[in-house]
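Colleague: Please assemble the complex out of the two chains, which come individually in their own frames, going by the hints.
Protein chains in written order, with our numbering: chain A, 1 to 567; chain B, 1001 to 1115.
Treat the hints as calculated values from the structure; they're not laboratory data. One or more hints might be untrue.
Said to hold, decoys possible - Straight line, CA to CA, 30 Å or less: simulated DSS-like cross-link-like pairs of lysine-lysine:
| hint | chain 1 | residue 1 | chain 2 | residue 2 |
| --- | --- | --- | --- | --- |
| 1 | A | Lys408 | B | Lys1051 |
| 2 | A | Lys23 | A | Lys408 |
| 3 | A | Lys452 | B | Lys1051 |
| 4 | B | Lys1026 | A | Lys408 |
| 5 | B | Lys1025 | B | Lys1080 |
| 6 | A | Lys368 | A | Lys452 |
| 7 | A | Lys368 | B | Lys1024 |
| 8 | B | Lys1025 | A | Lys408 |
| 9 | A | Lys408 | B | Lys1024 |
Since the model is a prediction, treat every value here as computed from it, not as a measurement.
Okay, here's what each chain looks like letter by letter:
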Amino acid sequence: MAENFPVAFLFFAGAALLFAIPKGNSRAIFLLAVPVAAGLYIWSLPEGDLWTARVFNLDLELMRVDRLSRIFALIFALAAFLGNLYAWHVRDRVQQVATLLYSGSAIGAVFAGDLITLFIYWEGTAIASVFLIWARRTEGAYHTGMRYLIIQVGSGVLLLAGAALYWRETGSLAFEAMTLGSLGTWLIFLAFGIKSAFPLLHNWLQDSYPAATVTGTVILSTFTTKLAIYALARGFAGTEILIYIGAVMTVFPIFYAVIENDLRRVLVYSLNNQLGFMVVGIGIGSELALNGAVAHAFVHILYKGLLLMSMGAVLYRTGTAKGSELGGLYKTMPLTMIFCVIGAASISSFPLFSGFVAKSMVLSDTAKEGYYIIWAALLFASAGVFHHSGIKIPFFAFFAHDSGKRPKEAPWNMLLAMGIGAFLSIAIGVYPAPLYALLPYEVDYSPYSISKVVTTLQLLLFAALAFTVLVRTGIYPPELRSINLDSDWSYRMLFPRVIGAVSRAIGKIWTAMTGFALRRVNGIIAGLYRTHGPEGPLARVWPTGSMVLWIAILLAATLLISFIDLA
Amino acid sequence: MSKKDDIDPENLPWLGRKLLWLDKKKNVDRIVYSLYAICAALFAADFFITKYITLWVERIPGFYALYGFFLSAGLVLCAKAMRVFLMRPEDYYAPYDVESEEFPEDQLERIDHNG
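The following block holds chain B by itself, in its conformation from the complex (with noise of 0.2 Å):
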């Protein structure tokens, strides 16, 4: 039996129930779709809106959007690459750190639908 399925939905609060339908491909790849949709129309938006200009570089059509789209997947590259460098294992400080270090049991209200 998959994790996903260990539970009730009986046992999920009310909102967790309706929310259920994330759980389904189906409807995720529907929000990527829409997110998709959304994205060009804000594209096109551009070419049929006034917008007030500082800089020549806003002129560009889609500037926004393209400058969005590829500064931020350069970024997640470029975190990504800094991961060789500088990526340690998490008990590297130990114990001067609380990284490798549990969460104090009595400062938490642990209470699992599961259990």
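Next up, chain A with everything else stripped away, as it sits in the complex (with noise of 0.2 Å):
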């Protein structure tokens, strides 16, 4: 069906369009105008495959629309609407033209149908988001986007190689659900693991996002992880081995962000985290745990974003977003301080804010299914949350000590943002059925009953009270300027190192090896000079006579050797 051209084709022609509008206000409606008419035009789909290109005797599926795949959509036609009203006094044509071939990417990957579909846009989510850490223009952001496409553009090729084999197996590219088994799933399967950031295949998020601009950050955060568990949940829904990586991913980054200097890395272990909970869910399989990882990931699109923005104004407003430097802006910055609450409350989970009605289905059905030590890894990690994102973030950038910076409030379009991100936030929390409506499957799920409200509260203002223990009596780790090794360590330093060592040894090897060689050929030069050279001895004038002694000789001998063989 024709009519039903791609979405991502909008996204595309956007950013084609984007070069004949003049730089201004008329732009940034513009760059508003894109996603609204995306999200429209999503909404009013049916379900169905609704456009196929045949590319190579390949049926490629471009549109494949189900409700799975139309929530995500939705999702990122909404966050690139905030993150580009978020940065409407961006100027930097760069940006907005790689935030919309990023989101267009991205919405055209979640509707792709097959592997190849799957990983064209996949490189492209890659290569049009590193623009936005080179748009910070600094030699720090270069080196960084340059880690980010290679890790990103990796991903993509494992995809492609798993697709290949894939296909050789099966005789199908199509992208349905997967068992992992086979070199072509796994390959896959890693592709995945890598843009959801496992634990170990991580650290490129913790790495990058920080080093974006001001807006290029908020908008990073959307798409390439959640277009990763989208593709999970799409490929892998059922794959116990998820239920695990997932725990550990919930787990280990909380104990950074505890110790992190960054607010905005602070946040972004916290999206590590927060996507554990997702794989989890996925790794289950259930009805209610798959509906629970994609409302998951709806509503953390809108916390996280909302989060990153207010740190960003922090950011764009200081200069910096580290929490050594910062503290007491709640009297300058009070709105944005208190949307940063609010994003802080609804990742916590506070019962009336939109993570609890979220969150809850994943952590309940954990108990159910029999996985107790997930279950309480993932309670753990639900304390850890409002710790560090809860309670660290808001507190160190807007309370501590005061830092005696007095920035204005952050400018008008980044709080309408906010406004719109913190409004939602509460929304889905006091009336989550829209939401639950929107999800692949049929919900059969009250979040709100008083068992399961007091529990919470009890977890969370527990840890909240350990917290205010912990910084009244002083042990709480201070802000320090500083940064953590992580898994990015080994690339950044420990393999160079050895590789440099390895080379050294083998450079080593190779000149004695060569010199000794080299001895040899001059020594038998050295050689063949003495004998052959001006001045040896093969090499001197012979006179007349000598020559003629020796044909005396020789006719001697012939004679003496014609002699003998006549006798």
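Modeller: Structure (structure tokens):
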């Protein structure tokens, strides 16, 4: 059906048109219009395979619309709108084009019905998004962007290799539920795992996102990782190993989040932790858990965006997002503070905030399905999230010790974007029915029971009590200007050092071996020179007499041999 | 003059002025005491409400409260100990990292009430 053209094309056309629109408010309005149009269009789409392109004997499904792809596409369009509103003041065309191409690719990937289309958009998100890091235009951002790009493109290459093997195995390229087992499916799984930041494959996330521009980090936080979550939900729902991977993901980043100084990086560590909850839900694979994972992805995009927006606003006004440099900003940035606190309450799953209505679905299903240790890990991680995202972020930015900074409140566009995010976070928390109606499966779940509310409040407020006690006793680790080593140390320090040492050793062996050979060759040359050189015995000028003598000797020898022969 | 007093409250946004009471230690203490009180009430609530139990541990009175308190305190202490091994100066990866760089001023709009 030609009339249902791919949504991604809308964004790509928008990116092309952008060049014709003069810099300024008209372009900013246009940047808002594109995701609005896309959102309305997605809303109106019927379910089914709506657009097939035939390329090289392959049928590429560019528009597979079902309940799972639709909800992700809708939240992506909404996030693109909020991101562009937040970036209203930005006049940098590189970032504007990158944002459109990036969000378009992510939506395109969500609607991809086959692995080749998925691959193309998968790489599209990688290439478009790196410009949001490079747009910072510093040497550090350039190098960080390079590391990010290598890993992202690497994930795409794994996906392509996996798709080729999968095609040889099954004869199909359709992107459907897969079972881990063959090399092909493992490669695809690994490709998804890199983008969803599995433990030890995660550090591109914490390395790169805080290195982007003020607005770039907000936009980055939405798409890549949640696209990977979508891909896992589509391809590997019910794969048990995901439960354990997800549980580790929820737990280990929170330790880092507690001691990290850059508050935007703290939020990225907590993003990693939140992805863990979704991965666990996908691993369980029941309808309730999958609904929970998808609902969590939906609300997470809103409140994580909101939190990163608030820290971005602080960065925009003060030039830093480091906890050690901030504090006491609530007096001059009260609205930003309030929006930040709303985001913090949402991510911590306080009742009446959006995190609560989504996360509790996954949490209660782990216990029901008998994964007790996983349940305990998730409960611990929930308390931990409250510690570092719920309390630490607003506390060290807006309260704590007074930094003496008196920045002006965030600009109107940032406040409006944060306000909408905050409103939606509360609205979904108070009245989750519209969100539940969008989920892939029928929802028969009510988050609000006295038991659930009281136990959640107990967990969270006693975690707050622990924070208060630790801060008031001075035990809580202060924010220090520092970085913490994470798994990226392996490829940024260890491997280069090991490779350096190995190459130096190989170099030495090589020099020794070639030196030895060279000495031998030199010896031969010198020997030849001695015998054949100008002064050598074989190069002397012989007198004619000696030649005659030699001829006589040769003649005598010939005669002698002939004589012996005759005899 | 301390940094805290270097701004005229008149220059603050309306909401910021209203929130100034947080600047007083007495009021912060009040918040902390009310947190203690709420926590005590929540702990007590365990004995009055009917919990929907999936796991036996949930039967322990105050399970969620104790779990939240001790594990999050443990988390912070553990993380603090991790600093011994993991913490490095900001310029550790420089110049291949943004950590030790200033944020480019042309991408900011600093407006300071002090200025």
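Colleague: The structure should be examined with respect to each hint, and the outcome stated for every one.
Modeller: These are the hints, each one checked on the structure:
1. Using a Cα cut-off of 30 Å, the hinted pair A/Lys408 and B/Lys1051 is violated, with the two alpha carbons roughly 47 Å apart.
2. Among the hinted pairs, A/Lys23 with A/Lys408 is consistent with the structure: their alpha-carbon atoms are about 26 Å apart, no more than 30 Å.
3. Pair hint A/Lys452 plus B/Lys1051 holds up; C-alpha atoms about 8 Å apart against a cutoff of 30 Å.
4. Using a Cα cut-off of 30 Å, the hinted pair B/Lys1026 and A/Lys408 holds, with the two alpha carbons roughly 27 Å apart.
5. Among the hinted pairs, B/Lys1025 with B/Lys1080 is consistent with the structure: their alpha-carbon atoms are about 27 Å apart, no more than 30 Å.
6. Straight-line distance between C-alpha atoms of A/Lys368 and A/Lys452 comes to about 14 Å, which keeps the hinted pair within the 30 Å bound.
7. Taken as a hint, the A/Lys368 and B/Lys1024 pair is broken in the structure, with Cα atoms around 47 Å apart against an allowance of 30 Å.
8. Of the pairs offered as hints, the one joining B/Lys1025 and A/Lys408 holds, with about 25 Å between alpha carbons and a cut-off of 30 Å not exceeded.
9. This hinted pair checks out: A/Lys408 and B/Lys1024 have alpha carbons roughly 22 Å apart, not beyond 30 Å.
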